[in-house]
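Peer 1: So you can see what is in the structure, the chains are spelled out below.
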Amino acid sequence: MSDLLQQTPSWGTALWFALAAVALLLVVLGFVTYAIYFERKVIGWMQLRIGPNRVGPLGLLQTVADVAKLLLKEDTRPQHADKALFTLAPILAYAPAFGVLAVMPFTDSIRFADLGIGLLYYIALSGITVLGVITAGWASNNKYSLIGGLRSAAQMISYEVPLVMSVVGVVLMTGSMNLRDIVLAQQDVWNIVPQFLGFAVFIVAAQAELNRTPFDLPEAESELVAGYHVEYSGFRFAMFMLAEYVYMFGMGALVTILFLGGWLPIHPSLSFIPGIVWFVLKFSLYVFFQFWVRATFPRLRVDQLMSFAWKVLLPLALLNILLTAVVISFQNGMFS
Amino acid sequence: MNRDILLTNATTSPESGIRTEEMLLNVGPQHPSTHGVLRLVVKIDGETIKEATPVMGYLHRGTEKLAENLTYTQIIPYTDRMDYVSAMTNNYVLCHAVETMMGVEVPERAQFLRLIAMELNRVASHLVWWGTYLLDIGAMGPFLYAFRDRESILDLFNELCGARMTFNYMRIGGVKWDAPPGWIDKVKEFVQYMKKELNNYHKLVTGNEIFINRLRGIGKFDQKTALDYSLSGVMLRSTGVKWDLRKDEPYCIYDRFEFDVPTATEGDCLARYHLRMAEIEQSLRILEQALDQFPSEGEVMGKVPRVIRPPAGEAYVRIESPRGEIGCYIASTGKDKPWRLKFRRPSFHNLQILPKLLEGENIANMVAVLGSIDIVLGEVDC
Amino acid sequence: MLGLAKGLGYTFKKLTEKKVTHFYPDVPFPMPPRFRGIQHFSPEKCIVCNQCARICPTECIQLTGKPHPDPEKKGKIIDTYDINFEICILCDLCTEVCPTEAIVMTNNYELAVYSRDELYKDLKWLDDNNTNVREEN
Chain A
1 MSDLLQQTPS WGTALWFALA AVALLLVVLG FVTYAIYFER KVIGWMQLRI GPNRVGPLGL
61 LQTVADVAKL LLKEDTRPQH ADKALFTLAP ILAYAPAFGV LAVMPFTDSI RFADLGIGLL
121 YYIALSGITV LGVITAGWAS NNKYSLIGGL RSAAQMISYE VPLVMSVVGV VLMTGSMNLR
181 DIVLAQQDVW NIVPQFLGFA VFIVAAQAEL NRTPFDLPEA ESELVAGYHV EYSGFRFAMF
241 MLAEYVYMFG MGALVTILFL GGWLPIHPSL SFIPGIVWFV LKFSLYVFFQ FWVRATFPRL
301 RVDQLMSFAW KVLLPLALLN ILLTAVVISF QNGMFS
Chain B
1001 MNRDILLTNA TTSPESGIRT EEMLLNVGPQ HPSTHGVLRL VVKIDGETIK EATPVMGYLH
1061 RGTEKLAENL TYTQIIPYTD RMDYVSAMTN NYVLCHAVET MMGVEVPERA QFLRLIAMEL
1121 NRVASHLVWW GTYLLDIGAM GPFLYAFRDR ESILDLFNEL CGARMTFNYM RIGGVKWDAP
1181 PGWIDKVKEF VQYMKKELNN YHKLVTGNEI FINRLRGIGK FDQKTALDYS LSGVMLRSTG
1241 VKWDLRKDEP YCIYDRFEFD VPTATEGDCL ARYHLRMAEI EQSLRILEQA LDQFPSEGEV
1301 MGKVPRVIRP PAGEAYVRIE SPRGEIGCYI ASTGKDKPWR LKFRRPSFHN LQILPKLLEG
1361 ENIANMVAVL GSIDIVLGEV DC
Chain C
2001 MLGLAKGLGY TFKKLTEKKV THFYPDVPFP MPPRFRGIQH FSPEKCIVCN QCARICPTEC
2061 IQLTGKPHPD PEKKGKIIDT YDINFEICIL CDLCTEVCPT EAIVMTNNYE LAVYSRDELY
2121 KDLKWLDDNN TNVREEN
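Chains as they are written, first to last, in our numbering: chain A, 1 to 336; chain B, 1001 to 1382; chain C, 2001 to 2137.
It is possible that some hints are incorrect.
As the list claims (entries may be wrong) - Examples of chain A residues toward chain B, derived with CB under 10 Å:
#	residue
1	Arg-49
2	Lys-143
3	Tyr-144
4	Ala-220
5	Thr-296
6	Pro-298
7	Leu-322
8	Ala-325
Unchecked claim - Derived coverage of chain C by chain A (criterion: at least 3 residues anywhere in the stretch with Cβ under 8 Å from a Cβ of chain A; other residues may be distant):
#	region
9	2001 to 2012
10	2016 to 2030
In case anyone wonders, no lab produced these hints; they're calculated from the structure. A virtual CB, placed ideally from N, CA and C, is assigned to each residue, including glycine.
Please model the entire structure based on the sequences and the hints provided.
Peer 2: In structure tokens, the structure reads:
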């Protein structure tokens, strides 16, 4: 893939790019289908139920049926909604969530763009998602969605700060923002060990970025009914749902790459197992953690949410940067 | 309806010249956490509530008026539908009122069965509260666990009287059915199981930091306010008033059993949570004693005339339902139908403090405060 | 943090625990013997005493009688007997007052129909509803 990127652009290469993107999209859609199935199963088991089991063997086609239903539904729009923005919002939410996947190295060979500033690209692009959410909240012309939209604006922007700060430690240690370099720098020990504080802050902030329990305030169903997407139904709603899960896919991949050693095996003696298997394993662990938390925790309160970001997570992330900087300076002999 | 509640203030900021307006938010009657068909008209400034007005009556069926055209036995199924989460206490309060007027002696075994049914129902009711409250707070697991255990209680009731929620179990002068063979042992088993399970509940929720921080200090009121608003039940006890009719005005055979009345002084949502959990524990304690002392045989129906005609006059009795003090007032002219029947419904009285509690809170707290009052809309609207 | 960890531990343990749900529509759900389901009515036992219609709190029972066809015998026999299951609350009072146990409860409880007028059950239907009849009344 990276060779293709180096070539002079032509129709042929453009076709290749398009095909690769579609292939990735299909993989992602497959992931979303079964992530939703897996989520419902896991939460069902934890709640002493069996979860979906009617459509297809073991209920495996349940999500397919749900998506088909959403696609066939009538496309409704509130009368006083802002027509253009209402249509734009789901696209605005979905596009960046998919766009960030371009820089993800799934293994040493399966990757797309090998950007020098891959991490920065990810963070910059994921910041756009919030626009989609606010737009949806505003354009629906519904009070609940407006509150949901504004909540998520406050939440996602606040939590982006500790999220970025928590990965600075990793960048300092590696000396690169290239995601592939970050993985390769974890040959001896995964970043989760030296960067545990950063990892903890990242996991919490990521949860808030993804709008998932215990930070699911923008769509808090017991307060705001469904938050910013109250008025959406049919395919537009499916887009939001898709964006949420694709974003989870992206975040899971990022956690794996930054802290869990990407496609590297636990021990070099286990390297006969292909890298993609390791990647998927670590990635699934993160996704499972998401569902586990969702089955257990209650939701935070709005005012506590903001103070938690600025008064707890941000200082911790800054402390982590400071500690990392001191240790690295010490190793480089700055204090001798 | 009073149209004034639909007016909002618009002001223009002197510095920026930006016109701001309070927003009117209609919460309910179809909203996930109004526990039925309560409607709250909320004026909000950002997320802060300026004023909240509960609008009720969406489930009004006129039980009290209907009762005037029904014989006393026929009213019993109607009481099932008031507080449908704990119908046994409603059954009891009506029967108790009529029995008091007529001076009917209820046999010992029937008294025990009534008490066991009421206490089991109290546990079931608090379990429903626990599950749905956590659902309001945003955790969905506890709901399923609570309903699994409530299911065991409903199964027990189903075996006892053939219905799971609308029991129609008690009759004037006794109860309809004796306990089926083996039922008492099943209840014993359940009590032991529930005691263990309660610890798990604490493990799952009570220690959860997010949960504690969300509830501490919200929906707070003091003792005087509680008394002024004539609150009862946990709402009253959370402010330090030790008032439980099972203890202070013993009815049925509650005076024979040992139990504590848990109280707290904080008066906030967290205190009410802890009190309800402690009440489950005390109910299990009463059940344990009652099951041990359960008479091996005896009648379940006292001597009552075929047509029930309380003497002319009036009576008011009150008992402790899971939600507070439920009372029944009967005015009789000596006929087989009441001349006037009135229920004092604890949910209705407790709900009145809501506008005061919500002032200045934010929307997330609105749900938590409303949930902590523990209302059942069937009872509020009656 | 400890509280959060305890909660996570609890839910994790539940992951493998035995599930408590029933396979309801596939496997019928048995009800205990005393269950109050849809009534069964046996016309031959009925003496047209009208007690059930009178005790019904929602007035959902309507019945008419006719003189006994055998002129030797006194009394009446039942002609029509309708229960309106739109408003019947299955409170058990009709079976309680019936002196001859002509109307009894069954364990059947599936009442869902496509049209509301199908909820008016007549004598024939109630007579045919003779499975899982309750023993003690």
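Peer 1: Compare the structure with each hint and give your call.
Peer 2: Cross-check of the supplied hints:
1. Arg-49: This hint holds: A:Arg-49 lies near chain B, its Cβ roughly 7 Å from the closest one there, short of 10 Å.
2. Lys-143: Since chain B brings a Cβ to about 5 Å from A:Lys-143, closer than 10 Å, the hint holds.
3. Tyr-144: holds (8 Å)
4. Ala-220: Check passed: Cβ of A:Ala-220 comes within 6 Å of chain B, closer than 10 Å.
5. Thr-296: Interface hint status for A:Thr-296: holds (6 Å vs cutoff 10 Å).
6. Pro-298: holds (4 Å)
7. Leu-322: violated (26 Å)
8. Ala-325: violated (31 Å)
9. 2001 to 2012: holds (count 6)
10. 2016 to 2030: holds (count 6)
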